[in-house]
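Peer 1: Residue numbers (our numbering), protein chains in the order written: chain H, 24 to 178; chain R, 1019 to 1201.
Because the hints were derived from the structure by calculation, they are not lab data. Keep in mind it's a predicted model, so treat the numbers as computed, not measured. It cannot be assumed that every hint is accurate.
As the list claims (entries may be wrong) - Listed next, the in silico DSBU-like pairs over lysine-lysine satisfying Cα-Cα at most 35 Å (straight line): (1) K40/H to K1154/R; (2) K1046/R to K1089/R; (3) K1046/R to K1154/R; (4) K1087/R to K53/H; (5) K1110/R to K1184/R; (6) K40/H to K1109/R; (7) K1193/R to K1154/R; (8) K1109/R to K53/H; (9) K1193/R to K49/H; (10) K1199/R to K1076/R; (11) K1184/R to K53/H; (12) K1154/R to K53/H; (13) K49/H to K1192/R; (14) K1184/R to K49/H; (15) K1054/R to K49/H; (16) K1109/R to K1193/R; (17) K1150/R to K49/H; (18) K53/H to K1110/R; (19) K1193/R to K53/H; (20) K53/H to K1076/R.
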Amino acid sequence: MDSKFKDKEPDWLQAPKGYEEAFSDKMMDKIRSLRSSKKAQPTFSSFQWLVQFACFGIFLFAGHQWYEHKQIPAEMPDENILVQMNVQKHEIVEYLQEEHLMDFDENQVAENIAEEEIPVLEKKLEPVMEMTPDMKEAIKEIAIEEIDLETISDL
Amino acid sequence: MKETDDASLIQRCLNPDTANFAYAELVKCYQSVLYKHIRRMVIDHDDADDLLQETFVKAWQNLHRFEGKSKLKTWLYTIASNVCITFLNKKKQRFFLPIVDVSGELTKKLSQNQDLVDGDEIQLKFQAALLKLPEKQRLVFNMKYFDELTYEEIAEITGVSVGGLKANYHHAVKKIEDILKTN
Chain H
24 MDSKFKDKEP DWLQAPKGYE EAFSDKMMDK IRSLRSSKKA QPTFSSFQWL
74 VQFACFGIFL FAGHQWYEHK QIPAEMPDEN ILVQMNVQKH EIVEYLQEEH
124 LMDFDENQVA ENIAEEEIPV LEKKLEPVME MTPDMKEAIK EIAIEEIDLE
174 TISDL
Chain R
1019 MKETDDASLI QRCLNPDTAN FAYAELVKCY QSVLYKHIRR MVIDHDDADD
1069 LLQETFVKAW QNLHRFEGKS KLKTWLYTIA SNVCITFLNK KKQRFFLPIV
1119 DVSGELTKKL SQNQDLVDGD EIQLKFQAAL LKLPEKQRLV FNMKYFDELT
1169 YEEIAEITGV SVGGLKANYH HAVKKIEDIL KTN
């Protein structure tokens, strides 16, 4: 292809008069604003990031601990927990009696639990024994509510 | 601009104490050639102005990544070309236009500038024929024919092999000649 088209650059391709200077000034204003906005942004060193990360971790851990602490009393008076532990109501009564948490006729209960059952019972009650005072209190509440004297005599 | 000058210019641009002055120098040095490159692609002056600004902003933001493996000029051409292609693609997507209609729209803009085409009808026909080429082919043609870049430089800019570019340019010339003959 001959070069007649490029030898004569079309006028429409020319930028308007004074455009180059105006563009140059506009561009430098833009660059200055970009630089100043970059400077204004906080720059974090890796140490600062590490400190931030550690603080966030501590915050999460503390939040988790607080949440768990708040949840225990609300959850404990739930009979399902006892069901999960495979602890029967009469076993609770036995335990409560041993711990002197409830005042009822010892003989009535003792008659109904064979001696050979006691080690098995103790085994079953192990998780209950490990309970915190809050949990024991919750069990006591359930027992008082649900086990009346008649139930005890039926054991 | 020589490669050593490019390297020192970039060093000064990256130095916070000399950055403003050095970048102003860079803009002055390349704005004219990049403006024409962009204007040929998008025709409209206002669009070209926006895209030229976008090109220099992108160059500023990525200057620290420029490794000096290519010339500064070809690197800036690459940014400008990508900016143009993205702009034209967005235009197509926005109006759901096939490429033919985009070229039609650009041709219309060109005709509106007919007074500026110096009354030279053949020049107008030539520009209209160029607009019928696919964008990437037009880009290659412009860089080879008007900007007189070497195939090696265009290969760096477009990422296409020299052989591919030669074939591309040959097809573009053939198409333009055919269009001019039929008109």
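Peer 1: Against each hint, give a clear statement of whether it holds in the structure.
Peer 2: Results for each hint:
no., hint, verdict
1, K40/H to K1154/R, "holds (30 Å)"
2, K1046/R to K1089/R, "holds (17 Å)"
3, K1046/R to K1154/R, "holds (27 Å)"
4, K1087/R to K53/H, "holds (28 Å)"
5, K1110/R to K1184/R, "holds (27 Å)"
6, K40/H to K1109/R, "holds (28 Å)"
7, K1193/R to K1154/R, "holds (14 Å)"
8, K1109/R to K53/H, "holds (25 Å)"
9, K1193/R to K49/H, "violated (40 Å)"
10, K1199/R to K1076/R, "violated (41 Å)"
11, K1184/R to K53/H, "violated (39 Å)"
12, K1154/R to K53/H, "holds (30 Å)"
13, K49/H to K1192/R, "violated (41 Å)"
14, K1184/R to K49/H, "violated (38 Å)"
15, K1054/R to K49/H, "holds (18 Å)"
16, K1109/R to K1193/R, "holds (24 Å)"
17, K1150/R to K49/H, "holds (34 Å)"
18, K53/H to K1110/R, "holds (29 Å)"
19, K1193/R to K53/H, "violated (41 Å)"
20, K53/H to K1076/R, "holds (12 Å)"
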